[in-house]
Amino acid sequence: MKEKDASVDYKEHQLILYVEKKDGTYGPVKTGSYITKNFIDDFWYKRKKLEHEYLEKVRKGEISPIAYYMVLGELTPSELAARVRLGARKVKKHLTARYFGTITLDQLKRYCDVFNVSPVDMLQVIVTDKKNLKIIEEKTDNPFFTILKISTGKK
Amino acid sequence: MTFQHKMAAHCESGTVAALLNHAGLSISEPLVFGISAGIFFGYFESKKFPFPTFVVRNRPGQIRTGVARRTGVRFKERRFRNPEKGERVLDDLLSGGKPVACQTDFFYMKYLPDHVRVHINVHFITVVEKRGDVYVVSDCYSPNLAELDRESLMKARFAGGSFSPRGFIFHPVSIPRRIDYRTAIWKGIASAAFNMVRLPIPFIGVKGIRLFAKKVVDWPSLARDIDHLSHEIMKINIFLEDQGTGGAGFRFMYATFLREASELLNDPDLLEMSKRIMEIGDRWREISLFAARIGKRRDLGPDRLGELSAMIYERADAEERFFNDLLKLSKSKK
Amino acid sequence: MATEGLKKEIKILIMEALNIDDVSPEEVGDDESLFGEGNTLGLDSIDALEIVMALQEKYGVRIDDKNQSRFILKSISTIAEFIEKNRTN
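Residue numbers (the numbering used here), protein chains in the order written: chain A, 1 to 155; chain B, 156 to 489; chain C, 490 to 578.
Simulated from the structure, these hints should not be mistaken for laboratory data.
You may find that some hints are simply not true.
[Claimed, not checked] Output of the computed footprint for chain A on chain B, the stretches with three or more beta carbons under 8 Å from beta carbons of chain A:
id	stretch
1	160-166
2	193-205
3	308-315
4	386-396
5	426-438
6	470-483
[Claimed, not checked] Derived DSS-like pairs (lysine-lysine); straight-line CA-CA distance at most 27 Å:
id	chain 1	residue 1	chain 2	residue 2
7	B	370	C	563
8	B	488	B	430
9	A	11	B	451
10	B	342	C	574
11	B	265	B	369
12	A	109	A	93
13	A	60	A	37
14	A	90	C	497
15	B	310	A	139
16	A	93	A	57
17	A	11	B	488
It should be emphasised that the depicted structure is a prediction, and the values quoted were computed from it without experimental measurement.
Where is the CB? At the ideal position from N, CA and C, for every residue including glycine.
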């Protein structure tokens, strides 16, 4: 690949590609990511659509929040079980709305660590029509307790 | 000595090269990649993955062990059952001024763009320093040195799941005065070629590329809906180019390796081969661009996927010819 | 002939590496084929990779495809035989 064909102007996501340089030698060039630059909007569109679709399933009691985060996190029950260090059979139960309530706080914390959300996010989703709202979850020394800070962010 | 941060095409080869450079051995990432026979192909369907996937590099760890075995460089390696001990040992090495490579779960690398951070346990970073509660990290995919908080690094180093890191760290401890690059390079070449065209395993090497070509037309039946299918088809581009998993990217890096090897060994045959694999990479790039376009347009009917499949079969043929020739060449150079 | 102790050790190692908790080591036959349909463990290609890595780490053996990993991994017995012949720790 020629250097000029590889070069993509996109500072937000950079990578190294090996190319044929102008002088004919082969070497690394730092460039922006072609796919991120051109397709990031489509990525987020698909992501938001999936979130919405699966949130509806949680709302209707068809699946548990664990299943919601698992699908979004592109994990399988078997892989999730290995990551939270629980048995696969138990994890499959936790994916159902019916058995979600049997999860202990300790087990919940393990799921939270894998999904990188706080325990509150397993029980609640914040929906607002206000623009420019800044919502920050502040961790405390109690791993199950967070403080939600809502402010009107000035952009 | 200050650690020189630089980006690399792939985290494992980049990290190994960076540590060796820091230890005083001037070796490039392509040379590390080539000597360890990093170039590869494997098509996998597993209950561990929500969708079929392919890899274009050898098993994690083989780049490090391949370099060690073929050059005589020695690495100290450690794994930990106890996370507290794993943290202590890392901190001790760092306070002694030693940069250390860590195996991590890519998901927790907060300094990288959100959309790329998926759970994959085979990411390698170099931890350079500890400042208070924060680690200074040299990550090949980050333009600059980055900072990672202690909690994130611990989660990343001790994540469960497939290929769990278990706190794995490594750093070079001895570098031989003289390295027989000629032998190392040809052994690496022979090994890579063998893996691509001689392994009787249906999902590995050129066979794996053909399996991918065959199976991709069935992907619609595995996807939830057209958007999911689009997401997976577009991942082909990411896997081929970005994130250091890069197929087209790796073919280009391998071309650079063969080129460097041809200069080191004064071998015009290697120069020829480097041009060939560079071209093969160019056709892979066409595939990755094609996949991105049809994915975006949701143009994913049987005709279009059939086209994609045909392009991949063609790559299998080209790589079969190339690696067979490379294998023959390596035997003649004994 | 590989010892019973080694075979049991290998079964436990595999279960741990693959996070299998619904099958006990006793249920896995020594000579039953580990991969493919219809066997107790139902392992796939990614499981194979993990097993190779776990065996290499524990026994200091090198399993690469030149020494025909697919034959080594056929059953617990074949793994145990290979380990016994080649282990370095």
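Cross-check of the supplied hints:
Taking a C-beta to C-beta cut-off of 8 Å, the stretch 160-166 of chain B contributes 3 residues in contact with chain A, enough for the three needed, and the coverage statement holds. For the stretch 193-205 of chain B, the assignment as covered by chain A holds, since 4 residues bring a beta-carbon within under 8 Å of that chain's beta-carbons and 3 suffice. As drawn, the stretch 308-315 of chain B meets chain A at 3 residues by the rule of a beta-carbon pair under 8 Å; at three or more, the given contact holds. Coverage of the stretch 386-396 of chain B by chain A holds [criterion: at least 3 residues with CB-CB distance below 8 Å; count 5].
Proximity of the stretch 426-438 of chain B to chain A, defined as three or more residues with a beta carbon under 8 Å from a beta carbon of that chain, is established by the 4 residues found. Counting residues of the stretch 470-483 of chain B whose beta carbon lies closer than 8 Å to any beta carbon of chain A gives 0, which falls below the threshold of three, so the coverage claim is violated. At most 27 Å may separate the alpha-carbon atoms for a hinted pair to count; residue 370/B and residue 563/C meet this at roughly 25 Å. Proposed proximity of residue 488/B and residue 430/B is supported: the alpha carbons are some 19 Å apart, at most 27 Å.
The suggested pairing of residue 11/A with residue 451/B holds, with an alpha-carbon distance near 22 Å, which does not exceed 27 Å. Taking the CA atoms of residue 342/B and residue 574/C, the gap is about 25 Å. The hint holds against a cut of 27 Å. Taking the CA atoms of residue 265/B and residue 369/B, the gap is about 37 Å. The hint is violated against a cut of 27 Å. Between residue 109/A and residue 93/A, the direct Cα distance comes to roughly 17 Å. Compliance with the 27 Å bound is thereby established for this hinted pair.
Our distance criterion of 27 Å between C-alpha atoms is broken by residue 60/A and residue 37/A, whose separation comes to about 37 Å. Using a Cα cut-off of 27 Å, the hinted pair residue 90/A and residue 497/C holds, with the two alpha carbons roughly 26 Å apart. With a CA separation close to 16 Å, the supplied pair residue 310/B and residue 139/A stays within the 27 Å bound. For the proposed pair residue 93/A and residue 57/A, the alpha carbon gap of about 16 Å is at most 27 Å, so the pair holds.
In summary, the hint linking residue 11/A to residue 488/B is not supported, as the alpha carbons are separated by about 44 Å, beyond the 27 Å threshold.
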